[in-house]
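Numbering (my numbering), first residue to last: 20 to 231.
Derived by calculation from the structure, the hints in this document are not laboratory data. Don't take each hint at face value.
Unchecked claim - Below 30 angstroms or equal to it, Euclidean Cα-Cα: the simulated DSS-like pairs (lysine-lysine) are:
hint	residue 1	residue 2
1	84	97
2	97	151
3	102	78
4	151	84
5	78	151
6	102	149
7	151	102
8	84	149
9	84	102
10	97	149
11	97	78
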Amino acid sequence: FKPSKHVNEFDSSDEEPLEEEQTPFQVSCICFNSIICFFSSFLLDLGCRFKNIKRNLQKDIDELKSHGVLDVFVLCTKGELTKYRVPHLMETYQNYGITVHHHPIPDGGTPDIARCCVILNELRNCLESKRKATIHCYGGLGRSCLIAACLLLQVSDNLTPQQAIDCMRELRGSGAVQTLKVRPAKEEIELKRCLIYLFTLFLHPSIFPKTL
């Protein structure tokens with residue numbers, strides 16, 4: 020996949036003429052025993068209208084389908100979908116034969132233990148059934164990377180939380196696993212809190228029974 024054009028400022032005006040963006044959206048992938056799990060920044064790309072960009076939702080989902088994706092894990096809230104002009108995104112996925120797993124996590128937040136267990140179990144079911152899955156939030160750096168890091172920890176016997184974060188940052192860049200709304204000067208505090216969260220999950224028997 021090629022990186023897509025990203026515009027940070029959202030413009031709610033429908034009156035400006037917008038040129039349709041044709042560049043494929045940016046997707047990273049992790050391979051688990053030949054089964055691929057994609058994760059991406061779909062709300063920055065998929066069918067959205069920004070100040071200088073307008074994407075075609077149908078074309079973007081067609082591209083996703085062309086790679087064999089059968090399940091999509093949506094971590095955005097319904098409010099975000101409405102704000103970024105894809106209020107019917109989940110229904111559109113379903114119309115294209117893609118199974119939707121909606122687990123809303125507020126932007127800048129982390130799921131509780133129970134929610135994380137549910138998400139990871141559903142992801143494992145997809146992998147065990149050889150179904151390609153996509154995880155996405157808004158920017159593809161926070162919630163989706165955090166869940167992907169948790170999945171890496173769950174399926175690996177040797178990986179540590181820090182190594183899981185390092186893996187995600189290698190794939191998505193140094194800004195990956197941003198789960199807290201903090202200023203750049205507090206990045207180290209953010210990372211420590213992410214690590215504490217991952218260690219808590221790592222030691223939780225319902226997620227990692229092998230640690231008992």
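A quick look at each hint next to the structure:
1. 84 <-> 97: 23 angstroms, holds
2. 97 <-> 151: 24 angstroms, holds
3. 102 <-> 78: 21 angstroms, holds
4. 151 <-> 84: 10 angstroms, holds
5. 78 <-> 151: 19 angstroms, holds
6. 102 <-> 149: 34 angstroms, violated
7. 151 <-> 102: Since the Cα atoms of residue 151 and residue 102 sit roughly 28 angstroms apart, the hinted pair holds (cutoff 30 angstroms).
8. 84 <-> 149: Given that 30 angstroms is the threshold and the Cα spacing comes to 15 angstroms, the pair holds.
9. 84 <-> 102: Holds - the C-alpha atoms of residue 102 and residue 84 are around 25 angstroms apart, at most 30 angstroms.
10. 97 <-> 149: 29 angstroms, holds
11. 97 <-> 78: Holds: residue 97 and residue 78 sit about 22 angstroms apart, inside 30 angstroms.
Hint 6 alone, counting from the list given before, is not met by this structure.
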